[in-house]
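Those protein sequences? They're chains A and B, same order as listed.
For the first sequence, position 8 matches number 9 in the numbering used here, and the numbering has no gaps at all.
For the second sequence, position 59 matches number 103 in the numbering used here, and the numbering has no gaps at all.
Here are the computed distance ranges between Cβ atoms for each label pair: (1) A:54 to B:120: 37 to 43 angstroms; (2) B:99 to A:3: 26 to 32 angstroms; (3) A:64 to B:107: 43 to 49 angstroms; (4) A:65 to B:47: 27 to 33 angstroms; (5) A:3 to B:65: 34 to 40 angstroms; (6) B:121 to A:72: 43 to 49 angstroms; (7) A:59 to B:49: 21 to 27 angstroms; (8) A:54 to B:125: 36 to 42 angstroms; (9) B:116 to A:41: 25 to 31 angstroms.
In silico lysine-lysine, DSS-like type, Cα no more than 30 angstroms apart, as pairs: (10) B:144 to B:96; (11) A:69 to B:47; (12) A:79 to A:25; (13) B:96 to B:47; (14) A:25 to B:144; (15) B:144 to A:79; (16) B:47 to B:98; (17) A:69 to B:144.
Rather than coming from a laboratory, the hints here were simulated on the basis of the structure.
On a predicted model such as this, the values are computed, not experimentally measured, just so you know.
Glycine included, C-beta positions come from ideal geometry on N, C-alpha and C.
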Amino acid sequence: DAGVIQSPRHEVTEMGQEVTLRCKPISGHNSLFWYRQTMMRGLELLIYFNNNVPIDDSGMPEDRFSAKMPNASFSTLKIQPSEPRDSAVYFCASSRFSGANTGELFFGEGSRLTVL
Amino acid sequence: LAKTTQPISMDSYEGQEVNITCSHNNIATNDYITWYQQFPSQGPRFIIQGYKTKVTNEVASLFIPADRKSSTLSLPRVSLSDTAVYYCLVGGADGLTFGKGTHLIIQP
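Chain B extracted, bound-state conformation (with noise of 0.2 angstroms):
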């Protein structure tokens, strides 16, 4: 079971980019890598997937190196609504396990 380590805290603000790096020495060869979103009483929400090099999407971008034993979430010119908690997770039917997850947290 590939198990993932993130910063338990960020501090940003609003307009910058923020970067949050999770490390995942162990990942199979089948994992993929994906990131979810947390605000206070809500469930989770996906944000990006991916199993190599980078993905972008609307929301944000995800970028691999190439031995695939990290990934660095990329969230560009953040403002306070992206407070929140951010889950890395690894794998598929067996790599649904939430790590603590990291609190960004955007200041003014």
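The following block holds chain A by itself, in its conformation from the complex (with noise of 0.2 angstroms):
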């Protein structure tokens, strides 16, 4: 299995720009999540699916923030427009489980988002 799988590696773009993250889960996992880390706040839920279907999105920090999931196999988080707080490293992560015990998540290796 090739594991969860993110893109871009690495992005650097300037304020205001339009940014989207993506995210190919492991086949056969029911729930993904969006992470976000920095030093200051460690690492932060953004948002959570289930079936493809968003169950919390508390996590994410405001409006300019969107996240899809479409079908099983493909998500996006999208920044519009990004701003230079919004530089952090992205994670995505599947699990095979959903409801009260999510077991076992998976994370990709992280998308590393520099806004200047």
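Work from the hints to combine the two standalone chains into their complex.
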């Protein structure tokens, strides 16, 4: 299995530009999670999906952030417009389980975003 | 939402056993306890999960007392490559929040 695949691995953009991060979860996994990691705030859960449906987006910082999961094998996290404070590593993770116990989360290698 | 408390950092030496304790006083009846390991520039990796008593796998052991208000991750005979950040998570669907973790540094 290829694991969770994220793209791009690195992105540098200018303030105000739109950023789209992509994730392909492990085949057969029912849940997908987007996290953001910074030195100051650690790993923050932004949003998670169960069977392609957003379950909890309370971690999404503001309206500039949006996430979609059009099918079981693809998800996007979009930031529009981007700001320097959005600079972080964005991780996608997937899990076979859902509900009370998500079991093991499998993380991708992350997308490092730098907004100038 | 069960909150966890871990030491910010720990030091040890190669070949030693390392125990990292996590406090979770508000753990709910249905909550599981899960530990992850993260190396620089990588995503977290699952180590072990448990509900009560003791769980052991090829990498670590997890000790959970009867009241489940804390848990201890035990790494036997650590090596330099075990230097990483270790996270304790409690819960399920709403317990997917990672704290700051414990930065474990292994020295020769």
